[in-house]
Structures are given as structure tokens and as C-alpha cells.
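Novice: Using the sequences and the hints, build the whole thing.
As you go down the protein sequences, you meet chains U, W and R in turn.
Note that the numbering used here has the first sequence beginning at 1, numbered continuously upward.
Note that the numbering used here has the second sequence beginning at 1001, numbered continuously upward.
Note that the numbering used here has the third sequence beginning at 2001, numbered continuously upward.
Among the hints, erroneous ones may be present.
[As the list claims (entries may be wrong)] Residues from chain U shown here face chain W by an in silico Cβ test under 10 Å; the list is partial: (1) G49; (2) C51; (3) L55; (4) N61.
Honestly, the hints are just simulated from the structure, not real lab data.
All C-beta atoms, glycine included, are put in the ideal place defined by N, C-alpha and C.
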Amino acid sequence: MPKKVHVQTTINGEAVEYLCEPRQSLLEVLRDVLHLTGAKEGCNNGNCGACSVILDGRLVNSCLVLGAELEGKSLETIEGLAEPEQLHPIQDAFLENAALQCGICTPGFIMAAKALLDQNPNPTEHEIRYWLAGNLCRCTGYDKIVRAVQDAAQTTS
Amino acid sequence: MENFAYVNAADVEQVPSLLSDDWTETKMIAGGTDLLGELKEYIETPKKVVNLKSIPGLDKINADASGLAIGALVTLTDIAAHPTIQHHYTVLAEAAGSVASPQIRNVGTLGGNLCQRPRCWYYRNPDIICLKKGGDTCYAVEGLNKYHAIFGGGPVYIVHPSDTAPALIALGATAKIVGPNGERTMPLEDFFVLPDVNPQRENVLEPNEVLTEVHVPQPKMGTKSTYLKVRERGSFDFALSSVAAHFEMSGGTCSKANVVLGGVAPIPWRSVEAEAALNGKRITDAVAKQAGEAAVANAEPMTDNGYKVTLTQNIVSRAAMRLA
Amino acid sequence: MAVVGTSTKRIDGIEKVTGTAEFTTDIVLPRMIHAKLKRSPYAHAKILGIDTSKAEQMPGVRAVITAADLPDVRLGVLTLDEHLLAHDKTRLVGEPVAAVAADTPEIARAACEQIEVEYEELAPLFDPEEAIKLDPPVVLHEEYEEYEKLLEIAEMDERPPNLWQAYRIRHGDIDDAFKKAEDEGGYIIENRYATGYVHTACMEPHGAVAQWSSDGSLTLWAGGQSPYIARDGLAKALDLSPSKVRVIVPFVGGAFGGKLTVKEGAIAASLAHKAGRPVKIILTRAEDLAATAARTPFIFDIKDAVTKDGILIGRKVTSILWGGGYSGEGILKPIFSTHLYPGSYRLAALWVDSYGVYTNRVSGGALRGYGCAESAWAVETQMDIIARKCDIDAVELRINNLLTEGERTAITMPAHAFSAHECLTKCADAIEWETPSESLESPWYRGKGIALGNKYSFAPTASSTELKVHEDASCELRTSAVDLGQGAYTILTQIVADEFGIEIDQVKLVTPDTAITPFDHVAGSSRQTFHTGNATRMACDDAKRQIRELAASKLEADPDDLEVSGGRISVKGSSKSIEVEDLFVVEMLAGKRPAVDEIIGKATWEVTASPHDPNTGQGEEPMAYMGHGAQAAEVEVNVETGQVRIRRFVSAIDVGKAMNPQGVEMQNYGGGCMGIGIALHEDMCFDANGEMTNASLMDYKIPSIVEMPLNEYMESIIVEVPHQHGPYGAKGAGEIVVVPTSPAIGNAIYDAIGVRIWDQPLTPEKVVKAWKEKQASGNGSGS
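Specialist: Now the structure itself:
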């Protein structure tokens, strides 16, 4: 049985260390080792985006990243967005615009929106749709998600 | 996934010695978006995985007068966003930007996109040992084959799923490979192998060789290129059929046409027939139409994929008209 | 200010946007272990023996079960034909035959590989038209006659051995209608339609967590549509009294009709019992797509008699629901799908034979619309064909055939709150129906299509709620209604807030837990706003009555002269009032208690029904209510590639009263999106062995954000025609939003390029093929 890997990394601005098997995906590490269950397993194969997190400033599917590969890197998850008494503007925008129904895809979408707005604070509708095209939603039809991102762009810019 | 030992490669020269000469024993991981998918489905169960991302210097794009050198670890996002590639190697930027999803493009590498395994649903089923996996039957032949090959098939009928491969071949790229015997280069076109050469692999790599760089010569003045990809959804999906077109133009005449098809053959498929119909011609609607017809004249559809013939014919014509 | 009718923010939104909402898969219990299922690779096979010894020896394996470990009881919705784990036979690929619980999912999976099952392969049967024969090549359920059946099917001299449902409608004189059409220069329009294999594909796969207590009672957490259906199903499967079973519903990641089964939960419970540890089971995406209930195909043969003025005077339908190995939740689909045959139109003669048959494919479930989206595909395409044949505008034709308020349909449903006309005309206006689509440059063509739908909400049914009032005047609603995303919790909270004149944040919801919350039938059939909404209002009334009675003596007034609002009880027409708090007394050491008793309002809202006679399709009042909606699409079709883009989409639905307008908008957009996926892309593919080849979200293609129209071209219209029995006049929205979608798109494709495609999904290859055939023959295929 291969040795576990010892990883020291930064998650949501805090130093974190953990042990994981080489085969454990980052999604498994987040959920099963670190108990950060905001990232969800929708397909486990990069086809739905429900597990999306931001790694070194880039949106990635945590199910397709190995937990062992986080050494020295910086990760943002949904858990790092809200302050204790205040939601992140993107979270507020999703609520105001009713951009969610069952909510299981929502953390992934919010991270995708953040990754976009961090790079492009004023995206067009086409850009929003292009950069959120890696996240599936079965409930909402996406319309209000787009409006929420536009709204958040206004607030944060 | 089955468990494996995970090793960081320090440099390129070390890689071949870290790899076994048995395909089932070791694997390389770059972005991991294809490899981890195979491991999760238990299609591959290597004992050791060698990380390439720890190797410095393989993630650079260098553009100069001689052309473009792209390290195998450059991500698809970076290729699609590179201004020089967008303006002067447009087909490549368009192809890279059309892959999968932003999440996958952000970690998926050029090397991984070129070396990825097929999407055939018999191949991807861990309970089926098809011909490609060492068994004796290609189930697509008598089975459901609507996504399978209309050119070059036999004895397996997969299609090569890469978007960057047809684009780079149309651009005349060369590939650099490092192995136990050192470095070798070849035209990227020769990197891919037909199933009648080796049904179990899609390219020339030995188990302990690694693709390290792709070089694209500087296009001549007046060259135009584009990538047309037809798929069911506008995101995630692989091509039902795609065409990478790279035309050297002089005046209104196409002096040299490069037409390479994706999603229709086990390798990126250079359509010599379409190129012959375009070389030396002014691209009128009629010429474009002829190029489309020529492109599929020798197509060999299977029971369910005849629509790919129509699709391919039409997008070859469209690509030609777009560049006219 | 009243909140019913406003777009109150979701009360469960903060948990969802912060990722703290706990779904089934997020639940972790101490010493919890993980389950995996061993599944049959064969569509049809006898089980000769199962050897679990190797699996049991593996380190980390805590329990292995087969059918021998379970009570020998057959389960099902109305025809009880299915075992939890296969007994002597498997009847579909993926049917579970054994289960393992182990320390990790990987060990459980490896242990399943070690279970040796000896099968004798049997010839499978996949063709529904073969399956329905009196002498079919294969019989799936040899013991069918012994099964417990809780419904009657139509009488027949001889039941085809694979038939589990037969339903007839006999209304008016159908032969006369055809004769009249022929003799008087009318038209007979006969076509065959088919729908495909579709899956709910919720973003949350199925799963459950099971834990036993030392007193022999079971607690199950499962994201499902009905804790009481789950409770009773578990009790039956495990031979327990229902009082020994507690079902708790965490956040649910979508359901759409697909989370009614307790199969995985019951298996997990059995493993948990054997292992003495809590067990979690979460299906992989591949399992979820391939081995849970699907929307299986319908085949419709429709023959319409139409006068030359475009009046539909007769309709004859034969339909077969292509069922799977077990009858499942789809058992009533051959009946309920028939609501669309008259639809919203007047129909003098209707003659229907509707069947459901077994085949060795995946079993049929209850996906959104419950057969009505499928039948709408057929009938609303027919209406378009009729319109073109008669050279009458498609909207005008529909209007000319509509019922009026108070009439009954050909299947005796009364047309009440009959808003079909308003939905249709508003939808048509919004898509600018009068203006043909712009011409585009080849190879693109634009076209518009429209369709009208309706969707019943079933009966008999009931919902109970309890409403506790606290001393700070806050209210606690206890309900087993489930918010699947559709917004039920928020709507119920709004109702309580308005009934008591308090703020939204003074209302707390106690969510489904059968130990605490009273019976609610199910989150399905678009029923919760209507039924649970009514029960909630009634429970509020009951609580207020109790408050008035308690306050009467303090205020020296008659209870009928008192009003309860905003935390106060006042005497009408005077300034005398007290606070709710004043009804509570202080006890030493125990804080406050109500002076007399706890203030808990209770209510049950029930709708009975007189079901249809299965031989005639006639009955008195078979359903709770009927909802209406119309949708229109403007498509762009590329005839060279077959791609269909939805450029514009309008969904106009009547909700009686929009309890939460943003919530209704969401259903319009979300339902439209699902309907678009079903119409164009979604297709479960099966190989010759009956195995699904595309059980992934890559190959089973639900719409991504780029499939949907841009915001300015996506329109939601809310029509409000109050229903006499709905709370505030409200009706549900959940299913009507997918009913007219496919025919609207199919009709738009015809408008664009003049081709009909008869079977869903309308893939690029079918479009290209139809276009080429049209070019070759020189005329449109099917007009």
C-alpha cells in the first residue's frame, strides 16, 4: 500500500496540512479529510462542474486534481467566501436574483463566477456564458445565474 | 481509483527511467483530466504515476521569427488566450478554446490533448475488453457506432478526440519526443498511427517516452486559418466532425491548402482530396462545394454514422468559404 | 406588508450559497461505513447461485447481503412485482443482486467484484411491440397472476403475458366522426410518434444513510420526494411496523420525479442491521443514469378526424408505454398521459387504448410531467399539422377548438380556471407570432412554433401540517412537504407570515422528519403549493382560533370579536389588545409556558377523487386541479449540420396566484431548459445486450448554459386565473413547464425548414436526414 502523501498548502488563506493517499482526488480530500463539503460530487469525471474550486487563481474541477498535488499551492473554496456576518457580493447576488433552486450546483457556479470576475470585472453576457459553460444546472435554466453574475459585477466593480 | 505510487519528475531526462516499458505499469500525469478519468473508471490501473508538472520549463510558449514553440505542459487556456496564436495561428487558438470546459482547459495541457485516449463507449467501459484493450473484438462494428469513424477505420473504429491535433497538423507542426535513447523529432502528422499499424495505441509513443514540445513554423504572409467544430452541445462535447483549415493565399488564390479533419478517423485526418480540389484555385462557392464533396468521396460510413459524411462535407465547404 | 405574491428571497438560500446546506452525501455519522451494489450484467437471466464467501473474508468488509437476507416480499407502487435484491431472476441490466458494506467505498467496490454469481442467461426481450403480443417470444414475469395488485386494469378476454397496464377511453362515436370527416370534405390525419429514453439526471445522484437504534428502530436520511412513502416502503421491505421507521429528508439536489424509490435506502438499512454500523450508500453517476428509473419511451398511433374548417371532431389513439423489467412508478402513466388527448380542446369522440408492457430494459419512473409531456409531443404536433392542412393559423386553430369555462373534457375533467386561451394568446404575442421569422443566410433558417399544454394534479391526496406559536409570536410550521428546489419551503413560510401578520424571519420551518412532521403525500404532481398551502392556511386558522379562545377572557370579549395579527390579539373596532406573550405564564425555573396548553394548530387538507373507469375513461372528478400553459420557440436550424439553436423561448403558465413571482419565473426558465434538452439532445442509448452505453454526463447530454437563449430572448409570462380551491387561488407550476416544450420546438423546426421528425430527440443526424429526404423528394415530409 503506497505511503500517504503529506501536503502543506493554503486553503482560503489559511495554512492547512493533511495526509492523503496518492489516488485521492482533491474533491475527496476536501470532503472526506478536511470536511469542507461545499464542493459536491455530481459526476466525478469533469462533466458537471459541481466540484469547482479555484486553484492558484484558476477554476478547476477538484475531482480531476489529485490531493497530492496541492503542495505549496493556494486554493479557494466556497467556504472561504463569506465573512461571519456578511456574504460575499456574489453570494448576495445569487440570493437577490433567485439564481438557485435545489442548490447543489450553486457552490460550483459561485466559484466559477468568482474566477471570472477576478479576471474580468465587467464581462458581457456572452463572456459570462462562455466562462460558466463548464457548470451544469438541471433546475434553473441558467437565465437568473447570468443575471446574478451581471449584478455581482456591478457591485464589485 | 486503485492506489498507486506518485512520483515527481525532476527534469525531462529523468522521465524515461521513471517509466516502465510495460503500458500497464506506469503512467504520466500532466493536467490529469483524461488520465484520472481512466483511473476512476478502472480502465487503467498503473502502479506508479509520474508527475510531469514538476519539470521546469515545459510550460512555455515561445514565439519568434522561426515560428512557435509550445511546451507540452502549456495549458489549453493559455494557448487560446495567447495574442500571437490568436492572430497568426488562429486555427490553433480556436481549436484550443473549443475544448471541453473552462475548468478542463485551465489544467488540460497540449501534450495531454494530443495524447488523450479515445472516448468510444466500449473502450471506456471497464467491463468490456475490446480489441483496443487487447481483446479480440471491436464492438463498434456490429454495435452502436454513431460516434465512430468514417475514414481510416479497421480493425478498430475509434475517432481521435483531439481538437489541437488537426489544427497543429494543418499548421505543419513537428513534435519532439524524449525517450530512453534520447530525443527524436518528427512531423506531428507522423506522430499518430492508424489502427492497422497498432490497434491498441493512437500514437508512436513507447511506454517510457514523453512528448515534450511542439514546434510550428511561422506561417507565410497572407495565410488564413480557421477551426470549425460541430457538436451537439456548445460546451463539453467532443466534435461530431471538425475541420482545421490553414490556407496559404496569394491574391485571391489558395496556393496551398491544408485541410485536416477531426472526430471522423482514428487519427487526425488530412484530407488530401479536399486539398487537391483547392490548391491553386480561387475559392468560389463552387470550388468550396467541390472541396467538400471531394473530402468525403472516399468515406466509409458505418451503420449509424452516415450523418458524419454529410456533416464533414458541409463543414469543409464552409471552412473554405470562410477563408476565401 | 403582505409577502404572499412577492418575490421573497429563498429561506434556504443562505445555506445553499455558502455551501453549508447538508445534502444526503454530506452526512457523516460516527463509525459510518459505505455500501456498494453488485449488479447483474445481463438483461434477462436466472440466478443459479451466489457465493459471497470471498467478499466476506476481505479486510474492511463489514456485511454482505443477498435476497436471502431480506424478507421475501415484493415491492412496487401499485403492481408489486419487484424484489429489493433479485431473487431467482434478473430482468434488466444493472439490477442489484447483492450488496456490500465496508470501511471505504473502494473496499466495498472491490468486495463486490469478489462476489461470484452464477447466471443462466435467458433470451432478452427489448421490442415493446413484440412484448405486447398475446404470444410474445419471451415472458418476463411468469408469476404475474400471483402478484398483489392495487389497481384494476381494463377488461380484456386475454391479458398479453407482459402487459401490466391497460386503459380505455370510449367517448362519443368515433366511426361516425371519421365518416363525417370523409363525407364532408374534412381530413383524416394519421401519424405515429415516439418519445425517447430520458433521465432526470439530477445533479445530486441517489443515496441514503441508514442507522439503527438499540430499540430496533431505523432512521433513514434520504433526499427524496416523500418521507411517508419512504417510511411505508421501508417498513414493508424490511418487515417492520411503520412506527419503527423514521425518515428524515435533508436538502435534496433535485428530484423531478426520480426520487420516489426507497430501494437504495432499504438495502443500506439491511446492511446497517447486519453490520451493526450506520451505512451510507451514494450511487455513482453511471449507476444513477443506468440503473434508476427513467422516462421510458411512448409510441403513439394517432388518427384524427377534422372538419374542413379545422374543428377536431374525433381522435383515436393507441399508445404503448415501453416499460422495463418492473412496472415501477410509471404504473399509472398509460392512464394519466391520456389527459392530453382531449387536452384543452372540445372533442366529440375520443377512442383510446393505452398500454404498458414489460421489456428487459430499465424500468419506467415518474419524470416531470408523468406521461403528459410525451403525449403532448404527439397531440400538439398533430394540431400544427392540422392547421397547415386546413390552411388556418396554428394559434387560431387551437383557439377555435378550445373548451370554455365550465365545460367538461372528453374524459370528464371539468374546465375550471380554464386559462388555456389566455396562456396561448399571451405566449403568441410575446413571440410575435404574427410576424414571420426573419430570413437568414444559408445554411441557417429560422422558424417559430407554439404549443399548448395542460397538466393535472392527481387525487386522491392529502397534506397535513402543524403550526406552533411561540411566546415571542414567532411561528413554527411542521411539514413533510419537501423543497426539491421548486421553492416549497419559501412559499409555505410566506403563507404563515401573512396569516399571522409577522415578518418572514419570525417563521421557522421544521422540515420533513416523520418523527415530528405530519403526513404529506408527496412532493410531486405539482401539488404542494395547492395542498400543503391549503393545509398550512387551515393550520394557521386553527392556531389563531386557539389564540382567540385563550385571549377572550383576558380581553373580556367574545373570541369571534378578536383579531390576531403582528403578534397581538385585538378587539375589533377598539384599541384593546394584548400580546401573544401575555398568553404565557412564568413558571419557576422552567421559563414560560402557555397558560393553558401548547398553541399548535393542526389541519389536514384532503381531496378525494372518483377515479376513471379503466374501460371507458370516464369518471366524476378524478383530479385535484388542472393547470395550463403554452410555450413558443423561435429556432435557428443549420441544414448542413442539423444543429438546432433555440434563439427565443417563451413560457406562459397559469399559476392561479403567483405566490412568489421569481419562483414561478424560475420554473418557466428551468422547465424550458429541461424541455429543450429532452427535445434536442437527451437520449439514453442501449446496446444489443440491453446495457446503457452513455451513462455519463458527457454522453447523456443535458443542456449547458450555452444551449439556452440569451436573457433578452428568454421570456417568462405569469398568468393568474384563480382556482376556487387553491390557497389564494394558487395552482402549481412544476410540471406544466415541460409539457408543451417539445412540440413547440418541433413545430418551429417545421416552420423553419419544412420537415417533420416524428421521434425524439430531434438530433442533428435526424434533421440532416429529414432535410436531405425533403430535398430529394421535392416536398415536405408530413404536412
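Novice: Each hint should be assessed against the structure and marked as holding or not.
Specialist: Now the hints, each set against the structure:
1. G49: holds (6 Å)
2. C51: At 9 Å from the nearest chain W Cβ, U:C51 passes the 10 Å test, so the hint holds.
3. L55: Holds, because the Cβ-Cβ distance from U:L55 to chain W comes to roughly 8 Å (cut-off 10 Å).
4. N61: Holds. Min distance 5 Å.
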